[in-house]
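Residue numbers (the numbering used here), protein chains in the order written: chain W, 63 to 387; chain B, 1236 to 1559; chain L, 39 to 339.
The hints are all genuine.
Straight line, CA to CA, 30 Å or less: simulated DSSO-like cross-link-like pairs of lysine-lysine:
1. B:Lys1324 <-> W:Lys190
2. W:Lys291 <-> B:Lys1300
3. B:Lys1300 <-> B:Lys1532
4. L:Lys195 <-> W:Lys149
5. B:Lys1435 <-> W:Lys291
6. B:Lys1325 <-> W:Lys190
7. B:Lys1354 <-> W:Lys307
Calculated directly from the structure, the hints in this document are not laboratory data. Because the structure is a prediction, the values reported are computed rather than measured.
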Amino acid sequence: MGMREYILRRAISSIITLALIIALNFFIFRIMPGDPTRTIVGDVRLRPETRELLRQQFGLDKPIWVQFILYIQNLAVGNLGVSFQYKGTPVTEVIFGRRLTNTLILMGSSIALALIMGMILGVIAAWKRGSKLDVSMLTFTLVAYSMPVFWLGMLIILFFGFYLKLIPLAGTVTPGVEYSNFFDYALDYLHHLIGPMVTLTIIDIAYYFLIMRNTMLDIFTEDYMLTAKAKGLRDRIILFRHGMKNAMLPMVSVIALTVIYLFGGATLTETVFSWYGIGRLTYESVMMADYPVLQGIFLVMAIAVILANFIADIVYAYLDPRIRY
Amino acid sequence: MQVLEIKELITHYSTTEGTVRAVDDVSFDVGDGEIVGLAGESGCGKTTVALSIMRLLPQGGRIIKGKVLLEGEDLTSKTDSEMNRIRWKKISIVFQGAMNALNPVLRVGDQISEAIVEKEMTSKAEALKRVNELFELVGLDTSRIKDYPHEFSGGMRQRVMIAMALACNPRIVILDEPVTALDVIVQGKILDLVKDLQKKLNLAVILITHDLSVIAEICDKAAIMYAGKIVEYGQILDIYKNPKHPYTEGLISAFPSITGEKKHFVSIPGEPPNLINPPSGCRFHPRCSYAMDICHKKEPPSVDVGEGHISACYLAEAGFKSSR
Amino acid sequence: MTKLEIEYLLPTWSEKLGIYRERVRNFWKIYSTSKMGIVGLGLVLSFFIIAVFASLIAPYDPYKFVGPPLLKPTESYILGTDHLGRDIFSRIIYGARISLLIGLVAAAISVGIGTIIGLTSGYFGGFLDAVLMRITDMFITMPTLPLMLILASILGKGLINIIIVISILYWTPTARMVRSQTISLKERPFVEASKAVGCSDLRIIGRHIAPNVFPLVFANAIITIVDAILAEAGLSFLGLGDPFQPSWGMVLHYANLAGAVVHGLWWQIIPPGACIMLLVLGFALVSYSLDQILNPRLRKR
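Same shape as in the complex, but just chain W (with noise of 0.2 Å):
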């Protein structure tokens, strides 16, 4: 069945590339010019033979063959090796928990929010073409398109923030504070995700308008909207019944993609904000030079890239039924 050789052939198409980050992901950090055993006892002189011990226990004296089979082998079990700078907390229970949690939150709503907004204005906006929604939708595009996204970060924060007090300044809850139920920590919470989430979110909406305006218009020069027309049929249902499920298909390739683009937006807002979560996490690492926990974070991103292609090309096929014969 046609269906089952095609996911066949994409899962096998993902664990090669997948196969070929983790080599990546491991020489790259062998390349390294700098001293890792500096980050872990901190900028003090050492004696040589301590710093060779030092090396011994971090695995890094034995030649890089051998290293390469001991990193595969930990990868088997789940042994992400040890962070540098929480000195000894194993790189899986850095990562995995509360920061990845808090960056699949914010990653989460603001996409689910961007693409819906951004679907629907898409369409409405290729349908009036050159009305004033159309026009100002593009332009809001473009700016916010231009816009660094740790700057509206900044903004966000200054204006709703220092000088209308709306938002907390920084962090995921605010700290130190004990709370006596759930529900008033997940407001806590809430009222902290507000302003990160904002921040995504808008940059994601012009990316998904675009996209979906530029679709729907390609869409329009098709013969069956022109049915669709004759038909006599309100215009909801042109739009949404027989333009934008043929859309659907695009764009769903184009989710996947911006799930790429997004761990960057989130690594650069989570510093923004302060956000406890997998993007502050790499940058910490980069000033500290934590490489154990970068490379786990790196390989986290790449499988959930990975997967997120593959669940789209799955979706993709599901939804367009020409592919399946």
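Given the coordinates of chain W, work out where chains B and L should sit on it, guided by the hints.
Relative to chain W, chains B and L alone:
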């Protein structure tokens, strides 16, 4: 009573290169249960006539003058929402290249039933019953209602389009090049189907095509178009036996006959004219082997040469005799 | 026909140049009617002028500590001073140079790499194509900013490193586009004719395929410039830029370190970011107008 009357229709397109005078003073009628053929080369304005009737002209297209009377009602003055109520219920259309006119991501049955549900306000279940009937009517296997367009062959897709066009029992259907992309055997079957529908449903049809042999097979009347104008119009037999316009003669003799004596193959020299700047006088004069002085000075009037047979040629009046 | 004669008949660089000059003139006629295009071009040119004449416009040397640190905007220091006592206004003026420089150089290298890979992959096909495409796919699936961060941390700070880091990651869209264009051009009869006459592959690529790919590459280059400028801004903001160069991203980086946001020091935040936005907007508008012109389906009647 005429189902459709087109009176002096003029439709122009405004483009960046200029105004295209696509339809320039076109008039013809379609009677109850009549199949009228609209013939001519590509680009002569046939599809524009169809789009004008349905008021589906693209951006830049406008009906400048004239009337389109559907059962007495003038369609040219209606608003879009008024037209929406009329579309598909009283008049429907099967577009050229029906292969692509079906939405690839929707099931065929749904595309047909949607029209019924929306326009006749029935439930989906009732609509699907009607879809079954329509499928039988056009000779399609009813088990295939849940299939997608790409699963059908060209000929079958055409039948689907016809079934869809008949969904709301319109008085008249426009078929734009319904058999052009099909092979000859399938062509014959589709034409038989149309003739059959005419008999069963008393359906009026406008059949648009560039292929005169198709017109000859099933049409009752024919209007021959050239460069946005109707050059000849009348009962099909009159036109065939007694063409009263050089262009019609050219079209007819462009087909070699299997029976009869071997003759020289006569094709019409030259190219269809540019409709932004059409030729002066009679638009056909640059390609006409009978052209006279007056032909490129003044446009010939349409004259009735007997029993509703109309021709727009100076020679028609003088008793044009085809040299066939 | 001799080799020379066939060469003469097929489109070559010199002929193409002549055709180009004519096309550029026509193109400008159409382009100048687009309001957005003119505004975009104006923005870009303005920043060019600011960059070139920076030393005349800026009141102070951006590298020197000329006043007390963290001043509010005053008469002598229009936008105040940063935490080291450098005049922010001057730093922003000179920042135009850095941003433009990095944007253009990084984009040029990216597009260069992408074009070479695309041409090679598309023209030679087969195993080479499969391998190159696999590598390209890998680069596409990697999240760019985190990867750039990691690379930059390995290479260290500095302008050249930033250019390298951006160039390594931003060539993929160009490569893909050039490859598909090359594949379709490869099938054209004039390529077959050249081969039959004995032209070397290099010659065919260089003289016949490359000129036809160029317009597409140019349009893509502008988008790459936009991405490069934003990438540099992001990397600098995170502290990986050259600490001595006043790139707009670095200005914002130091502003953030000085707690500009939590203390409401808007003059350190708004101007540099606005400059980034306007420069990028300029290029984006140019790119949008080019797209409108080159893509007939989006054109209005």
